[in-house]
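> Given next are the chains, with one letter for each unit.
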Amino acid sequence: MRRVGMGAALAAVALSLGGCVQTRQIADLQFTPPQGDYKLLVMRPDVTVGSVKAGGLTEPRADWTETARANLVAALRAQQAGRGGETRILDRRDSIAGVSPETVADLERLHSAVGNSIALHKFAGAELPTKRGRGLDYTLGEDAVKLGRATGYDYALFLHAEDAFADQGRVALQVLGIAGCFIGFCAPNVGGGGQSAYASLVDLRTGEVVWFNVLQTGSQVAGIKMGDIRTPAGAAQMVDRLLGRMKPGRDARRLQAAAASARP
Amino acid sequence: MTRASLLVASALALGLSACSSVGGGAGGFGSPYALVRAGQPITVGSGAMQVTAPREWNRTERSVFNDVRWVEDWTLNGPYLDTISFIAGLPNDKRLIRQEYKADRQVPKFRSDMTAPEVASLIETLYRVEGGSVDFRTLGLAPRPFLGSNGFQLDYEHLDGDEVWRKGRAVGAVIDGKLYLMMVDAARSHYYAQVLPDFEAMVRSAVRRK
Chain V
713 MRRVGMGAAL
723 AAVALSLGGC
733 VQTRQIADLQ
743 FTPPQGDYKL
753 LVMRPDVTVG
763 SVKAGGLTEP
773 RADWTETARA
783 NLVAALRAQQ
793 AGRGGETRIL
803 DRRDSIAGVS
813 PETVADLERL
823 HSAVGNSIAL
833 HKFAGAELPT
843 KRGRGLDYTL
853 GEDAVKLGRA
863 TGYDYALFLH
873 AEDAFADQGR
883 VALQVLGIAG
893 CFIGFCAPNV
903 GGGGQSAYAS
913 LVDLRTGEVV
923 WFNVLQTGSQ
933 VAGIKMGDIR
943 TPAGAAQMVD
953 RLLGRMKPGR
963 DARRLQAAAA
973 SARP
Chain C
3 MTRASLLVAS
13 ALALGLSACS
23 SVGGGAGGFG
33 SPYALVRAGQ
43 PITVGSGAMQ
53 VTAPREWNRT
63 ERSVFNDVRW
73 VEDWTLNGPY
83 LDTISFIAGL
93 PNDKRLIRQE
103 YKADRQVPKF
113 RSDMTAPEVA
123 SLIETLYRVE
133 GGSVDFRTLG
143 LAPRPFLGSN
153 GFQLDYEHLD
163 GDEVWRKGRA
173 VGAVIDGKLY
183 LMMVDAARSH
193 YYAQVLPDFE
203 AMVRSAVRRK
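Protein sequences appear in the order of chains V and C. Under this note's numbering, the first residue of the first sequence is numbered 713, with each subsequent residue one higher. Under this note's numbering, the first residue of the second sequence is numbered 3, with each subsequent residue one higher.
The reader is advised that the hints may include incorrect statements.
Estimated spans, in silico, between C-beta atoms of each pair [what the hints assert, rightly or not]:
hint : chain 1 : residue 1 : chain 2 : residue 2 : range
1    : V       : G810      : C       : G32       : 44 to 50 Å
2    : C       : P119      : V       : A774      : 53 to 59 Å
3    : V       : R861      : C       : P119      : 38 to 44 Å
4    : C       : R139      : V       : R917      : 32 to 38 Å
5    : C       : R107      : V       : E798      : 47 to 53 Å
Note that these hints are calculated values from the structure, not bench results. Each residue gets a CB set at the ideal place from its N, CA and C atoms; glycine is no exception.
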């Protein structure tokens with residue numbers, strides 16, 4: 713039952729962001745980024761793009777969402793092409809032979825719950841004492857291993873992206889607020905839109921989530937965008953920010969450092 | 003924006019608060035969880051029941067404003083994936099969850115003379131009204147001793163607003179007019195099977211404190 717009120721509780725203390733772009737990644741302790749001959753399955757990106765109304769509510773826009781998803785898929789394809797591995801991007805749930813669309817959907821939904829848990833407990837300060845100092849320590853279990861066995865892929869990449877843009881009403885509200893300062897009455901800053909996104913890499917041989925990266929961009933000024941995934945350039949920028957530089961896990965980094973220092 | 007995506011957006015905003023123009027941040031709020039050590043008897047709820055966990059768990063700190071003092075939640079991987087709830091001696095005429103006085107759909111109050119099917123119905127209503135479940139299926143309801151009394155076991159599964167199927171088991175008994183109940187609820191895929199042995203061990207370890 714504790715699940716019930718968490719969204720609202722966190723939303724109540726959510727902070728409005730200044731103009732900024734930030735990413736933070738967490739890896740499984742032994743994780744080393746895939747290299748060489750790996751096979752990567754990119755799941756259909758989970759994308760929502762909406763319009764922030766004057767009152768502050770975000771209204772999802774199907775047309776913007778579809779455009780953004782197509783741009784992100786194209787950007788992922790271009791980005792992975794330079795990596796060396798064999799990549800397949802699922803733009804539909806029924807496009808893997810021998811795997812039902814329900815199986816893919818169930819895995820995506822389980823991943824969504826796991827991704828939310830990682831965001832909440834690894835990034836939002838609600839740290840679980842049992843997972844302290846243990847890297848990521850989350851799994852999709854046997855369902856992910858079955859997908860790996862059925863497809864022959866080594867990794868699955870999940871991408872979740874939300875983007876919101878202030879509509880004209882909200883921009884006007886902010887302009888009015890600033891204009892009010894000239895007559896001695898500054899209205900509270902209403903803030904603009906912003907992006908929240910995460911990418912998650914799952915090892916299909918073990919089911920473990922081995923790497924996770926979050927991206928947050930935001931602007932206090934309504935109308936100022938810190939990237940626009942409705943455009944190909946903005947989508948490529950988001951993919952690069954999320955996946956451009958995968959860091960190894962803590963133990964793998966230590967091993968690499970020890971090996972480097974042992975070299976003559 | 004769905005509840006799940008709102009949560010993620012909020013979580014990310016908090017976690018990456020270094021670029022916030024407002025002060026504060028994740029560290030300032032502190033974690034709402036405390037460590038439960040394995041093998042040590044722990045008093046749960048208002049103190050009327052004691053259980054022993056077979057491995058380390060995370061105990062949710064309770065709020066005097068939102069929580070019912072007889073009810074306590076533990077989790078292993080976070081409440082989106084698994085929860086064990088302890089209801090320790092809920093008295094007559096009290097609810098399992100605190101609700102707004104004016105809420106349109108109220109979860110019924112527990113009554114001392116409730117039978118096992120009525121408690122099962124209460125649990126279903128809880129999930130449908132406050133848990134956001136869009137489908138709820140009872141898989142089984144059978145007698146089972148609990149805390150040395152004639153109790154019951156309810157097995158169920160439910161589909162929630164985030165489209166994830168979750169599975170649950172409740173083991174309970176009404177003793178001296180009060181409800182003693184332990185419930186495990188977890189994502190049906192992987193997580194239920196992972197936490198069920200712990201739940202069963204805790205049910206076996208449960209002791210009533212008078």
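> Each of the hints needs a verdict: does it hold here or not?
Hint check:
With their beta carbons about 48 Å apart, G810 of chain V and G32 of chain C fall inside the hinted range of 44 to 50 Å. In this structure, P119 of chain C and A774 of chain V break the distance hint of 53 to 59 Å, their C-beta atoms being roughly 44 Å apart. A hinted range of 38 to 44 Å holds for the C-beta pair R861 of chain V and P119 of chain C, which are about 43 Å apart. Distance hint check: the CB atoms of R139 of chain C and R917 of chain V are about 33 Å apart, consistent with the given range 32 to 38 Å.
R107 of chain C and E798 of chain V have their C-beta atoms about 51 Å apart, which keeps the hinted 47 to 53 Å range intact.
The structure does not agree with numbered hint 2 stated previously, though it agrees with all others.
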